[in-house]
Amino acid sequence: MSLMDEDEDILDTALPEHPQKRDAMGNAFFYHHFVMMLYILAGWVVPFRPALWFYVFFIPSVVLQWRVNRNTCILNNIETMIRTGQWRSAPGKNSEEGGWLWTLARKLTGWDISHFAMDVFIYCLMGTFLLLGLSHLNGWLFWGE
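For the sequence shown, the positions run 118 to 262 when the working numbering is used.
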């Protein structure tokens, strides 16, 4: 193993050189991810208490399934299972497995963001959204009962 191998991020090696366009199923899973992301971003403002309770359990559940599933979303694994019969895709086959938001951020910004930096950012955001949801649920900040 050379020094270059140690510096290389394992998910960077999974990125295909020329990614293919998504098919209908790929688009369905991509947009499902996108809807989930919008819910994570905005779910804490919902004025309906049962929806807030669901939200404050949903956020830690998402984080827990990422951690248990080695930083991979179960949606990517389900897509891979449907396509290949395997829980994980082969290296280079699905660049979004384990990095959907990272891939999206790189495509939108053009920045070369490390996986570690993206993980820190995502987990901090998830903690912030959980606190906002709890705050709304309990009337801690500017929400009165």
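Hints are computed from structural coordinates only; laboratory data are not their basis. Given the structure is predicted, the values throughout are model-derived calculations rather than measurements. Cβ atoms here follow ideal geometry from the backbone N, Cα and C, with glycine treated the same way. Honestly, I wouldn't trust all of these hints.
As the list claims (entries may be wrong) - Here are the simulated distance ranges between beta carbons:
no. : residue 1 : residue 2 : range
1   : Trp228    : Tyr148    : 34 to 40 Å
2   : Asp229    : Trp257    : 25 to 31 Å
3   : Asn255    : Lys138    : 44 to 50 Å
4   : Trp228    : Leu181    : 37 to 43 Å
5   : Phe147    : Gln182    : 26 to 32 Å
6   : Met142    : Gly244    : 28 to 34 Å
7   : Gly256    : Gly143    : 29 to 35 Å
8   : Ala168    : His232    : 28 to 34 Å
9   : Trp204    : Gly256    : 19 to 25 Å
10  : Pro164    : Trp228    : 33 to 39 Å
11  : Phe171    : Tyr148    : 28 to 34 Å
12  : His149    : Val180    : 39 to 45 Å
Beta-carbon spacing of proline 164 to tryptophan 228 - inside the hinted bounds 33 to 39 Å or not: holds, 36 Å
Outcome for the supplied range 44 to 50 Å, where the beta carbon pair is asparagine 255 and lysine 138: Taking Cβ atoms as reference, asparagine 255 and lysine 138 lie about 46 Å apart, which means the hint holds.
Tryptophan 228 paired with tyrosine 148, Cβ distance criterion 34 to 40 Å: violated, 23 Å
Satisfaction of the hinted span 25 to 31 Å by the C-beta atoms belonging to aspartate 229 and tryptophan 257: The hint (25 to 31 Å, Cβ to Cβ) is violated, given that aspartate 229 and tryptophan 257 are roughly 38 Å apart.
Distance restraint hint 28 to 34 Å, applied to the beta-carbon atoms of methionine 142 and glycine 244: Because 32 Å falls inside the window, the suggested range holds.
Supplied distance hint 28 to 34 Å, evaluated on CB atoms of phenylalanine 171 and tyrosine 148: Violated - the Cβ-Cβ distance for phenylalanine 171 and tyrosine 148, about 21 Å, lies outside 28 to 34 Å.
Pairwise beta carbon distance, histidine 149 to valine 180, judged against the given window 39 to 45 Å: For valine 180 against histidine 149, whose Cβ atoms are near 18 Å apart, the range 39 to 45 Å is violated.
Whether the CB-CB distance between tryptophan 228 and leucine 181 falls inside 37 to 43 Å: Violated: the Cβ-Cβ distance is about 28 Å, outside 37 to 43 Å.
Supplied distance hint 29 to 35 Å, evaluated on CB atoms of glycine 256 and glycine 143: Violated: the Cβ-Cβ distance is about 42 Å, outside 29 to 35 Å.
Supplied distance hint 26 to 32 Å, evaluated on CB atoms of phenylalanine 147 and glutamine 182: Violated, at about 18 Å.
Verdict for tryptophan 204, glycine 256 (Cβ pair) under range 19 to 25 Å: Distance hint for tryptophan 204, glycine 256 is violated at roughly 42 Å.
Range agreement (Cβ of histidine 232 with Cβ of alanine 168, hint 28 to 34 Å): At roughly 32 Å between Cβ atoms, histidine 232 and alanine 168 fall inside 28 to 34 Å, so the hint holds.
Consistency note: the structure conflicts with the earlier hints numbered 1, 2, 4, 5, 7, 9, 11 and 12.
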